[in-house]
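Using the sequences and the accompanying hints, generate a full structural model.
Take the sequence shown: its letters are residues 1 to 583, numbered as in the UniProt record's numbering.
These aren't lab readings, by the way, just hints derived from the structure by calculation. Be aware that a few hints might be false.
Unchecked claim - Taking CB as the label site, the calculated pair distances span:
1) Glu454 with Arg249: 36 to 42 Å
2) Ile235 with Ser347: 18 to 24 Å
3) Pro423 with Phe251: 14 to 20 Å
4) Glu335 with Thr457: 38 to 44 Å
5) Tyr252 with Arg340: 25 to 31 Å
6) Arg223 with Gly94: 48 to 54 Å
7) Gly553 with Thr457: 38 to 44 Å
8) Arg226 with Gln521: 53 to 59 Å
9) Arg249 with Tyr170: 43 to 49 Å
10) Pro328 with Glu495: 56 to 62 Å
11) Pro208 with Gln229: 28 to 34 Å
12) Gly553 with Ser356: 30 to 36 Å
These numbers were taken from a predicted model, which means no experiment stands behind them. A virtual CB, placed ideally from N, CA and C, is assigned to each residue, including glycine.
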Amino acid sequence: MHAARRALSSPLFLPLFSPFFWPLFWPLFWLFAPFHARRLSSGWRIRVRRLFVPIALSLATAQVVAAMPTSKHHSPASAISAWQGGPFVFQSAGTPLAELLRDFGAHHGIPTVVSRQVDDRFIGTLPAGNAQQTLDALSERYRLSWYFNGQTLNIYKASEAARRVMPLRYASPDDLLSHLRDAGVLHPKHCVARAIAATHALEIAGVPACLDTVAMLAEYVERDARDQQESEETIKIFPLKFATADDTRYFYRGQEVIVPGVVSVLKDLILGAGPLAATPATSATGSAANPVATDLPAVSTVRGGTPRFSADPRRNAVIVRERRRNLPVYGDLIEQLDVRPRLVDISVAIIDVNASDIAELGVDISGSARLGGFGSVSLNGQSGQMNESDSGTFTTLVGDTNKFMLNLSALERNSKARVLSRPSIVTLDNMQAVLDRSVTFYTKVSGEKVAKLESVTSGSLLRVTPRLVPNDAGDHSDGAREQVMLTLNIEDGGEVRSDRNVRNEVPTIRNSSISTHATLQAGQSLLLGGFVQDAQHEHERKIPLLGDLPLIGRLFSSTSNRNDSVMRLFLIKAEPAAATPSA
Numbered sequence: 001m002h003a004a005r006r007a008l009s010s011p012l013f014l015p016l017f018s019p020f021f022w023p024l025f026w027p028l029f030w031l032f033a034p035f036h037a038r039r040l041s042s043g044w045r046i047r048v049r050r051l052f053v054p055i056a057l058s059l060a061t062a063q064v065v066a067a068m069p070t071s072k073h074h075s076p077a078s079a080i081s082a083w084q085g086g087p088f089v090f091q092s093a094g095t096p097l098a099e100l101l102r103d104f105g106a107h108h109g110i111p112t113v114v115s116r117q118v119d120d121r122f123i124g125t126l127p128a129g130n131a132q133q134t135l136d137a138l139s140e141r142y143r144l145s146w147y148f149n150g151q152t153l154n155i156y157k158a159s160e161a162a163r164r165v166m167p168l169r170y171a172s173p174d175d176l177l178s179h180l181r182d183a184g185v186l187h188p189k190h191c192v193a194r195a196i197a198a199t200h201a202l203e204i205a206g207v208p209a210c211l212d213t214v215a216m217l218a219e220y221v222e223r224d225a226r227d228q229q230e231s232e233e234t235i236k237i238f239p240l241k242f243a244t245a246d247d248t249r250y251f252y253r254g255q256e257v258i259v260p261g262v263v264s265v266l267k268d269l270i271l272g273a274g275p276l277a278a279t280p281a282t283s284a285t286g287s288a289a290n291p292v293a294t295d296l297p298a299v300s301t302v303r304g305g306t307p308r309f310s311a312d313p314r315r316n317a318v319i320v321r322e323r324r325r326n327l328p329v330y331g332d333l334i335e336q337l338d339v340r341p342r343l344v345d346i347s348v349a350i351i352d353v354n355a356s357d358i359a360e361l362g363v364d365i366s367g368s369a370r371l372g373g374f375g376s377v378s379l380n381g382q383s384g385q386m387n388e389s390d391s392g393t394f395t396t397l398v399g400d401t402n403k404f405m406l407n408l409s410a411l412e413r414n415s416k417a418r419v420l421s422r423p424s425i426v427t428l429d430n431m432q433a434v435l436d437r438s439v440t441f442y443t444k445v446s447g448e449k450v451a452k453l454e455s456v457t458s459g460s461l462l463r464v465t466p467r468l469v470p471n472d473a474g475d476h477s478d479g480a481r482e483q484v485m486l487t488l489n490i491e492d493g494g495e496v497r498s499d500r501n502v503r504n505e506v507p508t509i510r511n512s513s514i515s516t517h518a519t520l521q522a523g524q525s526l527l528l529g530g531f532v533q534d535a536q537h538e539h540e541r542k543i544p545l546l547g548d549l550p551l552i553g554r555l556f557s558s559t560s561n562r563n564d565s566v567m568r569l570f571l572i573k574a575e576p577a578a579a580t581p582s583a
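What follows is the structure, given as structure tokens:
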């Protein structure tokens, strides 16, 4: 085959294909083939025609191809003039066109991919010429479309060319078109592109290899433009429905409690700083912070690019200043923090009962007791903290609160018990509630040049943090309700009166405290107590009129002192509220 190529390309042989030599071949054919074929058998007649007809067609086709004018193109971006190898000459009487094209690529040292739809056969002679002229001639003859992407030559049928519209989100269509031209991707015939400014898209028309190459470069340009836009700092506002953006502060007994808002949570989580701890050292939620899902993507905060968080109390919104690419992270986190809260109803009864009559309540402080068959009081398994002087402090669960209150009412009618206060409050789930019943004393503190008043507060202080615990079934089936876990801190104190305090005008305060945890079922109450106080009662008896006489009135009156031991009890009941706040 190569020898035939060299022979056909010889200057001595090429003039034979000139149209001036056609009359020499056609008389020989018509004199030899038809005349002698009439005298031959039908089998030999077929053999003769099979021999001379392809030769005549090959010579005619070679002349047509040689006489075709060479098309002149402006140098495309994908120029192939620098390919290695000389002119490619080929002669065949039926070689598959795909094989010819692959030989053409191998001759020039270019990997060639031919579509399966190219199933024609080449008959004739391929004249000498440069690579682009050869490809253009074959493309025009067999209706082919070729595309060179700088590494591989791709050849398709012209019918395989398609048109595609690529929408762009970040990059500009004009910028992408300029990149494609600079990269030498486009071809004036087989890979054409134009920008559509109205739809912010790029229209591509060409063979599949062209479409794939442009799509790959468009993805790269889009990614680069997206990175540039997402690296820019921007400001976004996230409105909240249920959570509070700014910190909430309240005071009791000179102490400040800070309930952290969403902004403080974000600062502590992202920046590692923020007033999440209440002052002093305790949080109003009873814990350091609510747990946050750990499947959120990480945010890289480097110096110079630290995010900024701010609260808008007027709109209850979180304002974030950060790179655009990180904003979805904060959006997911804020959505998890901004959840609908549950309400918990808490009621407290502060009771004073004579220590000698405590048994009439049906409470066995040494363990458990039965309340007249209507319920039980059992020792709570949770541990409590108490002062050494209050060794009799106990904690029990009251199974039937109504029965307990009936027994208390009976003692109250006989002046053996007294309900000092019965406050109730509704608080959010896992949010601390404070109940304070106190008295404040003021004493004068004098210095050399300064004098001021100092306050001393005593009384009953209850801090309770409820937390709703779902039942084992995870729902309210079979009448099962949620349990309530309580974290309690109780302080109880009062002034101790003595002659020394009266002389010094400085009050003496005695305080007792209890800290415990408990879990309440539906209908249960928690009873805490054991603080015993000695109360002195002075009772005077006298004869009317005579006891009021001066000097001799003492003869007709008498004074008696009675010491009573009073036990302070706290009855606490907590249950989920019937209604939840609406959006």
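How the hints compare with the structure:
1. In this structure the hint that Glu454 and Arg249 lie 36 to 42 Å apart at CB is violated, the actual value being about 24 Å.
2. For Ile235 and Ser347, the hinted distance range of 18 to 24 Å is not satisfied, since their beta carbons lie about 46 Å from each other.
3. Evaluation of the 14 to 20 Å hint for Pro423 and Phe251 yields a pass: the beta carbon distance comes to about 18 Å.
4. Distance hint check for Glu335 and Thr457: the Cβ-Cβ separation is about 42 Å, which falls inside the suggested range of 38 to 44 Å.
5. Checking the proposed 25 to 31 Å range against Tyr252 and Arg340 shows it holds: the Cβ atoms sit about 28 Å from each other.
6. A C-beta distance of roughly 49 Å is found between Arg223 and Gly94, which places it inside the suggested range of 48 to 54 Å.
7. Here the CB-CB span from Gly553 to Thr457 is close to 41 Å, well matched to the stated 38 to 44 Å.
8. A C-beta distance of roughly 56 Å is found between Arg226 and Gln521, which places it inside the suggested range of 53 to 59 Å.
9. The given range of 43 to 49 Å is respected by Arg249 and Tyr170, whose C-beta atoms sit roughly 44 Å from each other.
10. Checked against the given bound of 56 to 62 Å, the beta carbons of Pro328 and Glu495, roughly 60 Å apart, stay inside it.
11. One distance hint, 28 to 34 Å for the beta-carbon pair Pro208 and Gln229, holds here, with the actual separation near 31 Å.
12. Taking the beta carbon of each, Gly553 and Ser356 are about 35 Å apart, inside 30 to 36 Å as hinted.
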